[in-house]
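Engineer: Chain by chain, the residues:
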Amino acid sequence: MMKKALSISLFLLVFPVCGAASPAWAQDAPVDSTTVVVAETPPQLEAPAPVVSVEAQDTPDDAGKSITISWELSADDVAGRRNVTKYIILRSTSPDGPFDTVGSATAGMTTLTDGQVDNGVNYYYKVAALAGKFTPAGEKLFAGVASPLSGAAKASGQWFHIIRTARILPWVLVIGISILWFINVAKKGKDLYVRPIAGLAEVEQAVGRATEMGRKLVYIPGTQDMDNVQTLAGVTILGRIAKLAAEYDAQLDVPVSRSLVMITSREVVKEAYLNVGRPDAFNEDIVRYLTDDQFGYAAALDGLFVREKPATIFYMGAFYAESLIMAETGNAIGAIQIAGTANASQLPFFVAACDYTLIGEELFAASAYLSKEPKLLGSVKGQDVAKVLILIAAVAGLLLGTFKIADISGWFQV
Amino acid sequence: MMNTKVVGYIVIAVGIAVFAILAASQGLAVTLGAFFTIGIFSFLYKDNPYYKFSEAAFVGISAGYWFVSLFWQNMYSKLFVGVGAAYHTTFVQGGGWDDRWMMLIGGLLGVLMLMRLFPKAGWISRWPLAVVVGATAGLYFINYFVSNGILQLGASAGPLQRYDAAGNLDLWATISQAILVIGTLSGLIYFYFSKEHKGAFGGVAKIGIWTLMLTFGASFGYTVMSRLSLLIGRMDYLMSDWLQLIN
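Note that the protein sequences, when read in sequence, are chains F and C. Everything in the first sequence is counted per numbering that gives the first Met the number 0, starting at 0 for the first residue and increasing by one. Everything in the second sequence is counted per numbering that gives the first Met the number 0, starting at 0 for the first residue and increasing by one.
Simulated from the structure, these hints should not be mistaken for lab results. Source: prediction; values computed, not measured. The reader is advised that the hints may include incorrect statements.
As a list, the in silico SDA-like pairs of lysine to any residue whose alpha-carbon atoms are at most 25 Å apart [said to hold, decoys possible]:
1) K371/F x K64/F
2) K119/C x L259/F
3) K45/C x I332/F
4) K197/C x V384/F
5) K64/F x V80/C
6) K189/F x T183/C
7) K386/F x T183/C
8) K374/F x K45/C
9) K64/F x W96/C
10) K403/F x T183/C
11) K194/C x V394/F
12) K119/C x P278/F
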């Protein structure tokens, strides 16, 4: 019986798997079109028609290390003949094998991206259409035949994403020109209006409160590094707060969790103290490093809050799970708390525990609002131009699509 | 009446004895983990010496751990190993340019940053900072504009009515799309800074902030659940790994 099965299934692949939760089967069993594996547990499966054509090519418009494999559906994976359960993709660096399974696709799919490759290396692919079935004993069997070999494909990175560039460049140009134009207008002395933002109107009072109470003013520029744009916004706002602190002679304390943020914040605070003519009041220890560890940092700040009872606490930047721990402790000691973040998942906690919260883009507009500097005001106004354009495009697309005149939503798929 | 100091010493002695017994029976590392876990939890009562000790140990150890970790991840793995491999590829194997040579730029910026240690050359350390800040702003501009602007625009700028696979009007999907569009556009108006929120404009902005608040409410509940799972994880550690009360 076994000999008969072997001879009939010359190009048959059968993968016995104990349970669907054991995906390792695919990686443990290098396969190619000459390999024959037969399940010892009946019933036997008939392999579906093989994939006859496979192509592999470098994924276009990417940073490299990726190859896109495409294939024609098996003749058994068409309407009326749905005998294919899935496709598995086999890869080798040599046309002669051995081939390892590097991914799988559900029936009906014709492409898969292999993101586990090195640049500049030739890879060869095969695709096997598999039929699957559970045995009465609960084992899952797969049977299939691998396709012919694809041509050699080599991954490489591209400097420009052509479609993305073509679709985004006009926006970038319009926004950039708007920003430059508004900066120029502001520099000429024209007053550019920015609507009041609730939390920011209270900043000066909050700093003054710390001075009057003779307690610390703590500023936390988020828990992420300088490669996070929210940290940049937080450090920019710190410059303005430091100026106010220097003017009011408040005790500023900036505990940070990243070394680069510490260095940048020191420069910003130092410059702020110099600008208001208080270089004597600047001390490098105003900005100090605690730890990179998220919860270690939160534990240290909790201790600082309850021991030193700062009058005012600012949270401006990117935060994660530590946000509520810090904000709740600050709330418990009765400090005035003003927070700002664009991390949507942490905003609810700041809204619940702080007196004022800058939501999302308000954080980025805050530095312009506080400083009234032409460059920053110009950028806020330029971004407003972009919002108007987006609004117009969205409404136009909505109307055109709803009244079945045209569907322009595809223009914005980048 | 016993002196408070004596009571303190007795408490510490008993604590050490209990710790020693548990460390001997359950393992030192697990018992240390439990010791610090309880120390951090003691903050729920109030600030106390136990918490202060745990906090100081946590901050100090984690700072040291991160230093070592960053050294091996960046200095060693990327700079030393990466550049070494690039040298091997280019000069030993004759394979030409290797992208890992780019690691030298990072190394150079790191050296410039260390110029802070020399007062006369301290100003040079501003250059790597300028590179980091400028590169971050430039790189993230496109990412944020695509994810927060263009893709949301694409999701809103289409027909309101949605159809199922059979081509029939899908009422719930249509309502969902209408909510999405109203929420996105009113939210966009809320974040328009050049006009005060008054009149009809203010009314639409109010819809935007209400949409945001509803989202925050849902997010709050969801995140609290994940925080509870963290608490459960710690309790599981204390009960299973340490005291072995739960199998």
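Engineer: Against this structure, judge whether each hint is valid.
Structural biologist: Evaluated hints:
{"no.": "1", "hint": "K371/F x K64/F", "verdict": "46 Å, violated"}
{"no.": "2", "hint": "K119/C x L259/F", "verdict": "20 Å, holds"}
{"no.": "3", "hint": "K45/C x I332/F", "verdict": "12 Å, holds"}
{"no.": "4", "hint": "K197/C x V384/F", "verdict": "19 Å, holds"}
{"no.": "5", "hint": "K64/F x V80/C", "verdict": "20 Å, holds"}
{"no.": "6", "hint": "K189/F x T183/C", "verdict": "32 Å, violated"}
{"no.": "7", "hint": "K386/F x T183/C", "verdict": "11 Å, holds"}
{"no.": "8", "hint": "K374/F x K45/C", "verdict": "47 Å, violated"}
{"no.": "9", "hint": "K64/F x W96/C", "verdict": "17 Å, holds"}
{"no.": "10", "hint": "K403/F x T183/C", "verdict": "22 Å, holds"}
{"no.": "11", "hint": "K194/C x V394/F", "verdict": "20 Å, holds"}
{"no.": "12", "hint": "K119/C x P278/F", "verdict": "19 Å, holds"}
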